[in-house]
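**Q** So the chains spell out like this:
There are 2 protein chains.
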Amino acid sequence: MSKITINQLHVALCEANSIMLTVHVRPDGDAIGSMVAFYEALVGQGKTVYMVVDDVVPEKYSFLRYTDHIHDVAYFETNPVDIDMLMVLDASTYERIGKVGALWSAPIFNIDHHISNTEFADHLYLKPNFAATGEIITYLCTKWNWPITESMGTALYMAIATDCGFFKFSNTTANTLEMAAKCVAAGARPNVISETIEAVSASRLELTKQVMQTIEFYKNNTVATIELNREAMTILGDDTDGFVDIIRNVDTVDIAILLKAEADDRTRVSLRSKGTDVNAIASNFGGGGHIRASGCTINLPLQEAKQALIEVIK
Amino acid sequence: MSKITINQLHVALCEANSIMLTVHVRPDGDAIGSMVAFYEALVGQGKTVYMVVDDVVPEKYSFLRYTDHIHDVAYFETNPVDIDMLMVLDASTYERIGKVGALWSAPIFNIDHHISNTEFADHLYLKPNFAATGEIITYLCTKWNWPITESMGTALYMAIATDCGFFKFSNTTANTLEMAAKCVAAGARPNVISETIEAVSASRLELTKQVMQTIEFYKNNTVATIELNREAMTILGDDTDGFVDIIRNVDTVDIAILLKAEADDRTRVSLRSKGTDVNAIASNFGGGGHIRASGCTINLPLQEAKQALIEVIK
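These protein sequences, in sequence, are chains A and B. FYI, the numbering for the first sequence is 1 to 314, going by the working numbering. FYI, the numbering for the second sequence is 1 to 314, going by the working numbering.
Don't read these hints as lab results, they were simulated from the structure. Quantities reported herein were computed from a predicted structural model and do not represent experimental measurements. Take these hints with a grain of salt, some might be off.
Pairs involving identical chains hold if they fit within one copy or between any two copies, as the list cannot separate such chains.
[As the list claims (entries may be wrong)] With a cut-off of at most 30 Å between alpha-carbon atoms, the simulated BS3-like pairs for lysine-lysine come out as follows:
1. Lys209 to Lys314
2. Lys274 to Lys143
3. Lys219 to Lys60
4. Lys314 to Lys274
5. Lys47 to Lys127
6. Lys314 to Lys143
7. Lys168 to Lys274
Here chain A stands alone, though its shape is the one from the complex (with noise of 0.2 Å):
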C-alpha cells in the first residue's frame, strides 16, 4: 500500500485507458453519487469507464443521470472487460466491495474519506476531513479543471450533502459547503435534491406513525426509548436511520435509545447521548462504542430489555 498525492492520481488517472469504479456492498447517497459523477468526469477525459456494484442500486438514485450503466458481478463475469485501473470508491475495507475484488488483477486505487479505511489498496487517496467522497471528488475535478456538468452536479450535491445530513452533522466544514456551492454553481437544485432523497412512501409514513406511538420518556424527560417491533423491522430491513433522531430532538432529552427486535427473543440496542457516557451503559450489556454513541445486543424480548436498560440507567 502506498498513499498516494493528488498529483500522483492524477498521473495514474491520465495513464489509465480502461477504469473500473466500484464502491462499497449496500451502497448509499455518496457512494452512488460519487460514482456516476466520477464515471462522468473519466469518460469527459476520453477514458472507457464502467461501473460494477456488487449489490443492488437503490432504486430513489435512480433520477441520477448514468445510474443505467451500473452493472453486477454476474454482468462482467458474462462480458469480461481488460482494465488498467480497479478505482474503489467510499469503501474503507476490501470486503466492503464484495465479489468485485476477485474478478481483477489490475491495480487498485482507492479514493475514500473514512477514517477506518484499512489501508487495503495498492494507491490510496484518504481525506478523512471530508465529510463525504463526493465531497473529495469534487475537490479533485476543481483542482484538475475538469468541467463539472449539471448531472455532475446533481450527483455530487446528493453525494455531499446525504453523508452530512444535509448539513446538519458534525463532520460539515466550510470546505463541505463550498463544495457543494460548486455543485449548485454547476446547476444542482438543492431543493430538488432533497425532496427527491426525503420522499417517503405513504406505507412508510403510516409505520412512523405507529412506531411515534412507542415513545416513552423516563426520569424527568432526559431518557426517551422508542422501539421497532417484529412487525416494522421486516418492513424497514436496516432502513432504521432517523428514528432515533424523533426523541434526539427533544431539548430535555439526555439518552435517546432505540430498540429493535431482531427476533422474539434478542434485541439490538442504539444509545444515543448528550452528554452522559452511554459507551458505559452499553458495556454492561456486552456492547460498546464511544461515549455519546454506543450500541449492544441483548438476548431478551423488546419489552425487558427495554427495562432491564431503564434499571441500569436509574
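Assemble chain B onto chain A, guided by the hints.
**A** Same frame as chain A, now just chain B:
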C-alpha cells in the same frame, strides 16, 4: 427612496457614529441572527450601536451572543438616545418594524432580500437573489474585510440556514452555500446550531404524534390532509410550519392540505402542490396565491371544510 450600491452603503456606515438597528416584528432566525452579527461588526468598527425590536425575542435565539443587548420600544422611550441612522434589517415594509419607526427621525436605511420590498426606506440595499439577510451581512463583511468572529459566524449561519430551510429550499444558491462556508470557517458549528434550533419540547413531540394521527389520503394517495384542531391551534399559535411537509414528503402526494381550526366555524387552509394548480382550488373558496402554494379561509367547522375541499378537488 434611493437604491444604494455596496460602496454607498459602506460610506454611509463609515460616516455614521451612532446607529440604531432594528428588524421586523415576529422576528425569525434571519432577523435576530443578522441583527446581532451586524451589531458586533459595527461595534468592531468603533460605532455606538443599539438594537430595538417592537416584539419579544424568541427564547430559542438566546444562545446567540448579544441577544441580551436587544431592547424593546418602551426601553428607548424611557432611555432616549440620539442616532445618526436607523438601519432596518430584513423588513420589507415600514409597518413591519412596528412602533420603532415613529421613535426617531434619523434617515432610514434598509438592508433586505425580500422581492416584495416596498422601498419604504430613504436608502435601500436590496439583494432579492439572496436567500437571507444573513447572507447579505456575511457578503458585506467579506467584501469590506470586516472580521467575522466566531459569535458572528454562529449568528449568521443560523440566519442563513433558517431562511433557506437548512439548504433545502429553492432559494439556496451557490452564494448561499459560499457565505455559509465563511461562517463555518469563522467557527460556526453546523451540528450545534441545527440541534439548538430544531430542539422541541416533549409536549411539542406529543402534539406532533397526535396531529399525525389526523393524516388522511384521497385519490390513490395523491391528495393528503393533516389537521390542527382548536386545542392544537391554541398550543401552537403561529408556529404551524412543518406540518404540511409531513404529508408533502410522501412520494405519491401531489396536493398537500393543512387544515387549521381558527374557530369552531372557521377553518384556515394551506394548499401545497407539486404540479396541480392549487391557486384555482383556493379561488373556489375566495382565496388564492401561487400555482404551487395557495391558501383560503372557509367559514365552516374543520371536518365540513375538509369535505368541501375534497369535493372540489375530485
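**Q** Which numbered hints turn out to be false for this structure?
**A** 2 and 6
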